[in-house]
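K.L.:
Protein chains in written order, with our numbering: chain S, 1 to 341; chain P, 1001 to 1248.
Please note that the accuracy of each hint is not assured.
To be verified - Reference listing, derived: stretches of chain P covered by chain S, where coverage requires no fewer than 3 residues with Cβ under 8 Å from a Cβ of chain S: (1) 1061-1074; (2) 1100-1106; (3) 1175-1185; (4) 1236-1245.
Unchecked claim - In the DSBU-like style, the derived pairs of lysine-lysine whose C-alpha atoms are separated by at most 30 Å in a straight line are: (5) K306(S) with K1166(P); (6) K1236(P) with K307(S); (7) K1166(P) with K307(S).
Just so you know, the hints here were simulated from the structure itself, not pulled from any lab data.
These figures come from a predicted structure and were not determined experimentally.
Beta carbons: idealized from backbone N, C-alpha and C, even for Gly.
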Amino acid sequence: MNIQQKAYSRFESIGLPKARHDDWIFFPNSAFQKINVISPEENFSESISKEFDLGIDTEKNIAALIPLIHTRNTFLKTIDANAQETGILKARDDFSHTLFHIQKGADVSLEILDNKNEHDFTAERLDFFLEENAQLELFFCNPPQKHNLQFRHIRIVAAANASIKILGVQQNTGCYRQSFDLFLNGEDSTVDFRLLNKLEDDTEAHYHLIIHHNAPHTKSNQLVRQILNGKSHVSYDGAVHVGKDCTEVNSAQLINNILLSEEAKVSIKPVLKIYHDDVECSHGNTCGELDAESLYYLQSRGIDAKKAEDILLQNFAVNTFSELNSSVGSKRILSAITNRA
Amino acid sequence: MLSIQNLKASLKDGTSILKGVNITVQPGEIHAIMGPNGSGKSSLFKAISGHPSYQIDSGSVILNGEDILGMDINNRANAGLFISMQYPIEIPGVKNVDFLRMALDSKRAYLGLEKIKDSEFNQLMEKYTSLLEMDDRYISRGVNEGFSGGEKKRNEILQMAILDPKVACLDETDSGLDIDALRIVARGINEMMTPEKSVILVTHYQRLLDYVKPHFVHVLRQGKIILSGGPELALKLEEQGYDWIEEA
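Model the full structure from these sequences, guided by the hints.
P.N.:
Encoded structure:
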């Protein structure tokens, strides 16, 4: 059975999520009507070596399976040990699967570009396997476009001392769901996840993230900031799992939300599953309007209300990324935020 | 220049704070407002500047012949009113120098002037940072970001100097200042004073008034000016407190 068939078989066994499914509880059920999954042709070529375990047998997320079922071919790329590479990732079809094998000590920075979405439903999956001491930076800051329904699933497996950095600015409209399965399987591996959502209209943006601390001394950080206007709705379902015998794990999750309209809505679901005592895990969530005292202060110096609001919003946005060391991604993102303000 | 007449103001929940304040400040004058905690001194400045927590119930605030109570907050500032805050806000991420320039350009736009030229702005900055003995940290960091209480107050005076208002209302500018900083801040205030400009100081102590000599001293209590006098009044208040006023 090839990967497509295995994914289809798994999809058939779990089916589309039912209403009130825990992982899809905030997602609009009506969007499932756009999903049509058909059995893959048997003559699909197998392009992925068996050495990469994509976790299909235990996968619970249909967004991780659909791209595998419907992709024409997996794009496979190996980055040699100790190489330094920068590049872009862009799905060529409505359904795509990309797999990167990043060998020991390689340092890779990749920008994810949105495909033009002209169809009702698109889905892509990105897999990354990081060997020891490898570094991966993934970032996205596409100009706004409308998705009818888009799934993007990113799965990363990190060996010892590997580091993952994911930086994103999302301004798309329509309906989309991004899911992340991040496995810190080697000691001292780390993940830094920074996301800024600037949403308007009746956008439905949904995020589902699981960080699996499967080794001692692993570290993760999630900083998510969201600015919501109109009737937009964002959900952030962020889970941290710390396995048995995983000592001295450090994990932090902070989500800050600014609601600029009365009809905007945010749903946050932090989940901590910790099976070891010697860990430091924190989570926090704030939700409110722009600080009235700061607005007053700026205006009291002659700056008009609209500009004062813009200054504070831009400041809120920039601070999502400002503490990062300079990198291709951080520079690109800070430049995009500043220029679009 | 600034005439506050029968000003009554309350908090949004209806709590009455100012109960008929009258002050007239002529060009070239320095006025000091003193009074017990909670008497409405800071509220007076916030109310006339348009702070959103306050609503004006009645009265007028005329600045250079124009009632500013109908203006937006920013236009009150651009028309020449400056309020130095008792607790200046930190705005991390917005560089102090950028903020100062933005504020100055807003005022210039209001006055129908072009944006300030780099060289002119740099000269202004150099002049006043030097006068106020402020190093580059103040300029390159975010607005009040990580500043001590005294540094924030000094930064307020820098803003005042750059914006060059007609009337500066300074709310407890001396609190949190060490002896040297007090002298430096006072130097900034005196430098700003010209025969065309005015200052209203809110303070609890005589020490600032040793450096910045007021022409008039007012006592604000329970939302009203209950006594006015010359500089000697501040000395008497410092010695005897406020109870004697009630007894009188």
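K.L.:
Work down the list of hints and note, for each, if the structure agrees.
P.N.:
Evaluated hints:
1. Counting residues of the stretch 1061-1074 of chain P whose C-beta lies closer than 8 Å to any C-beta of chain S gives 3; at least three are required, and the coverage claim holds.
2. Counting residues of the stretch 1100-1106 of chain P whose beta-carbon sits less than 8 Å from any beta-carbon of chain S gives 4, enough to reach three: the coverage restraint holds.
3. Check on the stretch 1175-1185 of chain P: 0 of its residues sit with their Cβ under 8 Å from a Cβ of chain S, so the three-residue criterion for coverage is violated.
4. Residues of the stretch 1236-1245 of chain P lying with their CB closer than 8 Å to a CB of chain S number 0, which falls below the three-residue condition for coverage.
5. Taking the CA atoms of K306(S) and K1166(P), the gap is near 25 Å; set against the 30 Å cutoff, the hint holds.
6. This hinted pair does not check out: K1236(P) and K307(S) have alpha carbons roughly 46 Å apart, beyond 30 Å.
7. The hinted pair formed by K1166(P) and K307(S) meets the criterion: a straight-line CA distance of about 24 Å does not exceed 30 Å.
Hints 3, 4 and 6, counting from the list given before, are not met by this structure.
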